[in-house]
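4 protein chains.
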Amino acid sequence: MMDPERRKDVLLRLAKAAGQVHGIARMVNEDRYCVDVLTQISAVQKALDGAARVITRNYLERCVTDSITSGDPLIYDELMKVIDRRR
Amino acid sequence: MMDPERRKDVLLRLAKAAGQVHGIARMVNEDRYCVDVLTQISAVQKALDGAARVITRNYLERCVTDSITSGDPLIYDELMKVIDRRR
Amino acid sequence: MMDPERRKDVLLRLAKAAGQVHGIARMVNEDRYCVDVLTQISAVQKALDGAARVITRNYLERCVTDSITSGDPLIYDELMKVIDRRR
Amino acid sequence: MMDPERRKDVLLRLAKAAGQVHGIARMVNEDRYCVDVLTQISAVQKALDGAARVITRNYLERCVTDSITSGDPLIYDELMKVIDRRR
Chain E
0 MMDPERRKDV LLRLAKAAGQ VHGIARMVNE DRYCVDVLTQ ISAVQKALDG AARVITRNYL
60 ERCVTDSITS GDPLIYDELM KVIDRRR
Chain G
0 MMDPERRKDV LLRLAKAAGQ VHGIARMVNE DRYCVDVLTQ ISAVQKALDG AARVITRNYL
60 ERCVTDSITS GDPLIYDELM KVIDRRR
Chain A
0 MMDPERRKDV LLRLAKAAGQ VHGIARMVNE DRYCVDVLTQ ISAVQKALDG AARVITRNYL
60 ERCVTDSITS GDPLIYDELM KVIDRRR
Chain Z
0 MMDPERRKDV LLRLAKAAGQ VHGIARMVNE DRYCVDVLTQ ISAVQKALDG AARVITRNYL
60 ERCVTDSITS GDPLIYDELM KVIDRRR
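Residue numbers (numbering that gives the first Met the number 0), protein chains in the order written: chain E, 0 to 86; chain G, 0 to 86; chain A, 0 to 86; chain Z, 0 to 86.
Next up, chain E with everything else stripped away, as it sits in the complex (with noise of 0.2 Å):
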């Protein structure tokens, strides 16, 4: 369960990052300069990359603490994961 100030914050962060992706592809449809598009998909990335990191607190405060709680040594293979995924 996502507490519900956090899934506001990722749905907002996923609406923001929504309506970059069509900005970008009517830059392309307008011909804009290359590294005018590259910087745009950087920033997108950085929306992403910021809902990313809201979600992964939530898993970490009651996913992984559950878990570790109450002894399940499978969880390590799952954070390991996570944490690659992030890199």
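Worth flagging that the hints you see were computed from the coordinates, not collected in a lab. All of these numbers come straight from a predicted model, not from anything done at the bench. Misleading hints may appear alongside valid ones.
Which copy is meant is left open, because identical chains are indistinguishable; a pair holds if it fits in one copy or across any two.
Stated by the list, open to error - Straight-line distance between alpha carbons at most 16 Å, and here's what the computed EDC-like set of lysine to aspartate or glutamate pairs gives:
#1 Lys80 - Asp35
#2 Lys15 - Asp48
#3 Lys45 - Glu60
#4 Lys15 - Glu77
#5 Lys7 - Glu29
Position chains G, A and Z relative to chain E; hints supplied.
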């Protein structure tokens, strides 16, 4: 100028990325497992990386090639920024 | 505390990385092709990533587990920093 | 050919990185806190990134420029590989 095949390719990748972002918002609303949401965020990041690669290749073959052929020394700073571009 | 097997593993990876760095310096002195030097730099970065993974796993199983079990709320900020750690 | 100033710069950065790797091994032997070791691994990776940037700049100004000026179409594949590796 991006050549028409590449532009089409980039627009398809962006459309796919936009669809994925909407799908992620839906997952968040349905309170799906955090790790699955994070996996989907990675997937859309990869789709955007794919679009960036096509644009970068076009940039090298056109803008960078023109600038180097005409002896413009400023291209190297710009190119280094493109290379350093990270999420 | 890092367990002895992991410590040995990390030290081997670091020794390998150190050897690779010396090899790269030799390549630079011999004026080897830039792309080959860059490939070797990527290789040593991967060796260091490998060492970081082992240390991170140890950190999760020991420090993070102890902190969560004892209810220390500060562990989440620290863990987020470890996850965000990038080159 | 790397010009002498750049070569000197790269060799200094590599020597610094090698020293840092030895320092990290010492930290591991002294059983220092995992997070501090991870921070030092990030620092050496940044030093190596710095060396890679200088080599990349030299590569662009010399090899890439020569290949583009002489109309070698293979340079774009090589350059894309160099760019992908940095991300």
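Status of each hint after checking the structure:
In the homo-oligomer, the alpha carbons of Lys80 and Asp35 lie at most 16 Å apart only across protomers (11 Å), although the nearest pairing inside one protomer, at 33 Å, exceeds that limit. Taking the shortest alpha-carbon separations for Lys15 and Asp48, only the intra-copy value of 12 Å comes in at or below 16 Å, while the best inter-copy value is 18 Å. With identical chains, the CA atoms of Lys45 and Glu60 are never at most 16 Å apart, being 23 Å at best within one copy and 27 Å at best between copies. For the homomeric pair Lys15 and Glu77, neither the shortest alpha-carbon distance inside one copy (29 Å) nor that between copies (27 Å) is at most 16 Å.
Taking the shortest alpha-carbon separations for Lys7 and Glu29, only the inter-copy value of 13 Å comes in at or below 16 Å, while the best intra-copy value is 33 Å.
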